[in-house]
Structures are given as structure tokens and as C-alpha cells.
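Peer 1: One letter stands for each residue in the lines below.
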Amino acid sequence: MLELKDIKVKINETNIIKGVNLNVKQGELHALIGPNGSGKSSLANAIVGREQYETTGSVKLNDLELLELDVTERAKEGVFMSFQSPPSIPGITNYKLLSQFSKQYEKYLEDIERLKLQSGWAQRDFNDGASGGEKKKNEILQLLHINPKLVILDELDTGLDVDALKIVKELINEHKNKFGWIVISHNSSVLRSLNPTHVHILKDGKITNTGSVELLNNIDEQGFSDVGK
Amino acid sequence: MNKVLVMLENNYIIDKSLETKINIADFNTLNFKIKSNAKACLFFEAKGNQDSNTKINVELDENASCELYGFFKNTKKKTNLITNVIHKGSKSKCNQDFRFVNKRGKSSFEGKITVPKDVVKCESHMLNKNILLDTHSDAFAKPELDINNDDVICTHGCTIGALDEDHMFYLQSRGYTEDEATEILVEAFAHMRTQEHI
Ligand SMILES: Nc1ncnc2c1ncn2[C@@H]1O[C@H](COP(=O)(O)OP(=O)(O)OP(=O)(O)O)[C@@H](O)[C@H]1O
Ligand SMILES: [Mg+2]
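Those protein sequence lines, which keep their order, are chains A and B.
Per my numbering, the first sequence starts with residue 1103, numbered consecutively.
Per my numbering, the second sequence starts with residue 2, numbered consecutively.
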């Protein structure tokens, strides 16, 4: 479904991603883990289509070259990313922002309840004054209404409390077979609980190791610097 | 809004509560005198395609309060606005929030607040925000504070800039086109003005 070939990303004249290959099929969940600053978010943003990122190589979604499309077109083709730091946009409500894709207001309210967001959430300004965890829940809330093909979760778990994490894990499992997944996290136990089909380590802009859940155990024991040596 | 006035002349004496919308495009000068204990909430707009050039004078008596809000979309036009708020009486309050969105357009906002020496315990805030949607647009801002004693609370702020790039990217990543995202953010910008107090 998603096919990355020799992806290189330059940000402000600096090489950040230095040749990444990755294939994600529907129903697969790829865990992406790596040190701070290794380029995980940059890679994710490049797939989504951040204009300032000079991206070369090939990103194919079901044989469609995404690098030729702008960010809006990619979204419409089914690329969804849950942002590491979602913005607050005062002046527009949470539901209004979503209403373009979803007129299912009843379902929206049910999802709010399921995610244990406040009952007035729909009419509150978008992420305005929201806590870190609420912002992450809001990302999931949108995912549940957008119905994409590729889902990238960039540190969704950061900021979520244990109960929220449990709900989010359930939701991911429920929808697991519908999408292809790239899940970025620093928390190997969270990643393990999602039963990833693949685990990749990104170091200094390159995937240095690919394996199964085993790899997570190695990272826990040896740290990033010694894995694969 | 409990009352919409059709403004026919440019002198107003407000002695009770008034909330109204005013089209500045019709006026060169507007004078408001807010009497003791009266409350005014005035929303300004500029309808039509013509440029406007307006001066708003506000005088506040003792314990009078006044909210001045303005939102102006300058698409291929120019809006010049001068406000001149004079706190004539102690304990008077004024809050100004004027916002401009310019697209191949220009805006100029000059706001002056005067508090004389013997007028105390006043509160006056002035906010001016400008969004430039393209490089052909311009905004000019000049706040002026003439405060003559220490017993006042007075703030002013001004911003001029493009729409937030991260917000644009976020909305586009959710499937909105550039134009749709711009529209949403402009609407949000306009909507915020009544809620935000510095
Ligand atoms: N706009 C930018 N200008 C310059 N450098 C940037 C820019 N954006 C990202 N970088 C740099 O790119 C590198 C990779 O950043 P990125 O956010 O992708 O890392 P990450 O792997 O997601 O890290 P973390 O685990 O902390 O989230 C960092 O060194 C960062 O400083
Ligand atoms: Mg990151």
C-alpha cells in the first residue's frame, strides 16, 4: 500500500533523512523508534507533505506518487497523521473543524464520551486551553471520522494517562485491519502492546535495523547505540 | 446583539446601555459621548468595496464603560481608522480590539488613549491585529498613549503578520484546500476578537 523508496529530506539545507526505504501494507503496524532528533517526525511530515521539506525519492500510496501531490491532495488520498504537537486554533470549534468530513454528529458525541473528553468538547474552541492528553485524544477523534488509508501516529502516547492509553489501544486494535500504520513512540512497552508486525530503528536519518517485536527487547536491554552492533 | 441602530448622524450621546453595529464606510467622523455609568458596546465594520477613512472619538464620563470592536476585510481596498479615546471621568473603562485582514489591501490603525492628570482609576486596553494574506498587502499601526497619572491600568498590543504556517499545514493535512484553510483561519481570527482580553 505505502512504498517509500530512497527518501531523502532536506530541511533548511540540512540533510535530515538520508535514504529511507519502507513498505507498509494494509493491516500492518510498523513501529518506528529512535533517538530524539533522529528524524522520525521529519519523515512523517515529509510523507504528509510539508512544503518546506525538500523531499526526494518516491512515496507511493497504492501506486500513486505522493511527492507529486500537495498536502491537501495527499490527505484526500488517505494520508492521516496524528501530530506530535497538535496546534490550538482559537476561534473555530472542535466539531466545526471536523464537520467537513463528518456530518455524523451523534457518532462524534459518542466518540467524545468513549475517549472520556468533556461533554462540551464539540463546541469548545479547537484545542484551546486543552491539556496535552486532550489534544492527543482530539487527534484520535478526528481519525475516527476521516477514514484514511495510511495512519501515522507521531508519539500519540505521550501525554496520555493509563486509562486513555487503554482506550486508544482498543481503538487502534479495532481499526487495525482497515489501515496501514506507522506508529512512532519512545515507549517500547506501548509499542509492544500494539503487536507491531514490524519494528524499525531510525538513527541519524536512516533505518539501521528492522525486525520483529524482539528488536524492542534488544533496545530495552542495550539502548540504541549498541543495537545491531 | 440586542439592538441594531441605523446610524444616520455622527454624534451620539449614550446614557444607558447600548450595543450596536456601525458601518464606518458611511462616516468620516463619529463622536460618542458615554455618560456616567452608561455602557456601550460598539461593533464596527466597513461594508462595500470603497476605501474608508474614519475617525472615532470617544469620551467617557465617570464610571462609563465602552467596548470598541472592529473587524475589517480589506480585499483590494483600504481602511484607515483613527480612534481617540478620552477618559474624562474617573473609573471609566475602555476596551478596543480592531482587526484587519488584508488581501491586496491596506489598513492603517492609529489609536490614541488620553487620561488626564486628575482622572484616576481608569482602565483602558487597546489591541490591534493585522493579517496580511499576500505580499501585496500592507498594514500600518500607531498606538499613542497620553497617560498623565499613575493610578490607571493601561495596555496596548499590536501584531502584523501572515497566517500561522503550522495552522495552515494542519488544516491542509486534514484535507482542506489552501483557500478553505485560509477562510477558516480568517473566520477564527474574526471570531476571537470578542473573547480575547489582554
Ligand atoms: N525546521 C527545521 N529547521 C532546522 N532543523 C530542523 C527543522 N525541523 C527539524 N529539524 C531538525 O531535524 C532533526 C530531526 O528532527 P525530528 O523532529 O524529525 O526528530 P524526531 O526523531 O522526531 O525526534 P523526537 O523523538 O524528539 O520527536 C532534528 O535535529 C531537528 O532539530
Ligand atoms: Mg518527533
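Warning: the hint list may mix true and false statements.
Label pairs and their computed distance ranges (CB to CB) [stated by the list, open to error]:
no., chain 1, residue 1, chain 2, residue 2, range
1, B, Thr76, A, Leu1169, 30 to 40 Å
2, B, Asp167, A, Arg1294, 27 to 37 Å
3, A, Glu1208, B, Leu146, 49 to 59 Å
4, A, Ser1160, B, Leu146, 30 to 40 Å
5, B, Asp52, A, Lys1110, 41 to 51 Å
Hints listed in this document are in silico derivations from the structure and should not be mistaken for laboratory results.
Remember, it's a predicted structure, so these values are computed and weren't measured experimentally.
Note that CB positions come from ideal geometry on N, CA and C, so glycine has one too.
Peer 1: If a hint holds in the structure, say so; if it doesn't, say that too.
Peer 2: We went through each hint and held it up to the structure:
no.	hint	verdict
1	B:Thr76 x A:Leu1169: 30 to 40 Å	holds (34 Å)
2	B:Asp167 x A:Arg1294: 27 to 37 Å	holds (32 Å)
3	A:Glu1208 x B:Leu146: 49 to 59 Å	holds (52 Å)
4	A:Ser1160 x B:Leu146: 30 to 40 Å	violated (58 Å)
5	B:Asp52 x A:Lys1110: 41 to 51 Å	holds (50 Å)
In this structure, the one hint that does not hold is number 4.
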